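Novice: FYI, full-length UniProt numbering numbers position 3 of the sequence shown as 3, with every residue one higher than the one before it.
The set of hints was computed from the structure by calculation and includes no laboratory data. The structure displayed is predicted, hence computed values, not measured ones. Glycine included, C-beta positions come from ideal geometry on N, C-alpha and C. One thing to keep in mind: the hints can contain errors.
Stated by the list, open to error - Label-pair restraints from in silico Cβ distances:
no. : residue 1 : residue 2 : range
1   : Cys-96    : His-27    : 21 to 29 Å
2   : Lys-16    : Arg-242   : 47 to 55 Å
3   : Gln-78    : Ala-246   : 15 to 23 Å
To be verified - Pairs of lysine-lysine residues, derived as DSS-like cross-links and limited to a Cα-Cα distance of at most 25 Å, are as follows:
no. : residue 1 : residue 2
4   : Lys-111   : Lys-32
5   : Lys-111   : Lys-219
6   : Lys-59    : Lys-80
7   : Lys-74    : Lys-85
8   : Lys-225   : Lys-238
9   : Lys-165   : Lys-196
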Amino acid sequence: MRHGLPQRQSYKRTLKKVHRDQRFRNHPKNAKKAHKADRRLKTIAGRLVRELERNLASKNLLNTYKGKIGLFKKVLAQKKCDKDKIYSLHEPEVKCIGKGKEHKKYEFGNKVSIARSYSGIIVGAVSFRDEYDGHTIDDTLDHVEQMLGFRPSQAVCDRGCRGQKESGTTKIVIPDVPKKNATYYQQKKAHNLFCKRAGIEPINGHLKSDHRMGRNFYKGIFGDKLNAKLAAAAFNFKRAMRRFFALLEWLYCFCLLWNGMNKKCERPYLAFAK
Numbered sequence: 001m002r003h004g005l006p007q008r009q010s011y012k013r014t015l016k017k018v019h020r021d022q023r024f025r026n027h028p029k030n031a032k033k034a035h036k037a038d039r040r041l042k043t044i045a046g047r048l049v050r051e052l053e054r055n056l057a058s059k060n061l062l063n064t065y066k067g068k069i070g071l072f073k074k075v076l077a078q079k080k081c082d083k084d085k086i087y088s089l090h091e092p093e094v095k096c097i098g099k100g101k102e103h104k105k106y107e108f109g110n111k112v113s114i115a116r117s118y119s120g121i122i123v124g125a126v127s128f129r130d131e132y133d134g135h136t137i138d139d140t141l142d143h144v145e146q147m148l149g150f151r152p153s154q155a156v157c158d159r160g161c162r163g164q165k166e167s168g169t170t171k172i173v174i175p176d177v178p179k180k181n182a183t184y185y186q187q188k189k190a191h192n193l194f195c196k197r198a199g200i201e202p203i204n205g206h207l208k209s210d211h212r213m214g215r216n217f218y219k220g221i222f223g224d225k226l227n228a229k230l231a232a233a234a235f236n237f238k239r240a241m242r243r244f245f246a247l248l249e250w251l252y253c254f255c256l257l258w259n260g261m262n263k264k265c266e267r268p269y270l271a272f273a274k
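Input sequences plus hints: build the corresponding full structure.
Specialist: Shown next, in the form of structure tokens:
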């Protein structure tokens, strides 16, 4: 150890057995054994924290690590229904966000609100903690107004933002069944608008998988905000680079045809990784 603190027991073999007992905890036959393993693991953690506190006090190092010891005790004392729970020791600001999906009920991290234009360019990326989706609309639209210089007249959001009809001068539109007195033109127009809104879902996937929004390596709340901004900027830069290289490709083919070369226009090899 760093300060040469003695350890009475390592629990190396015990923890292996506890981890095995926690497997397949969702099966009814394994629930009792998994809960027993949870209690055993919490008991071991409490012993280690108390032993660490005694050893640090014996070497006059308790004040140096007072914050970390308090964090360990808070984790051990927290209950299931407590607020502001700690889910990560190295990032206490991490929040538990309910997804509402069967295959992935919860995600741990922070919430990011993404706004894109009709053409598919990201015009807003704002980081939040675990607020309700409807409460993030105002801050997101303020950020869009700061980026574009004007406030959009209409914003199409998903059903998670229900409850808010307008934000300042912006009308909030939520996908819903058409009214009985709506004409065919109105229904078709609303349907196309909602289909266009669904186009932001693959953008969210690309931001997570291609531009490192799925896992943040920056520390703290400021790191969460910075990661969201950089991921959105990388997405827009990659889109602009593809458009630029497509223009170069078109100019290359046009020059070949202009010079009267009677051969098939081959696709040039451009130094750009898709």
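Novice: Tell me, which hint numbers fail for this structure?
Specialist: 3, 4, 6
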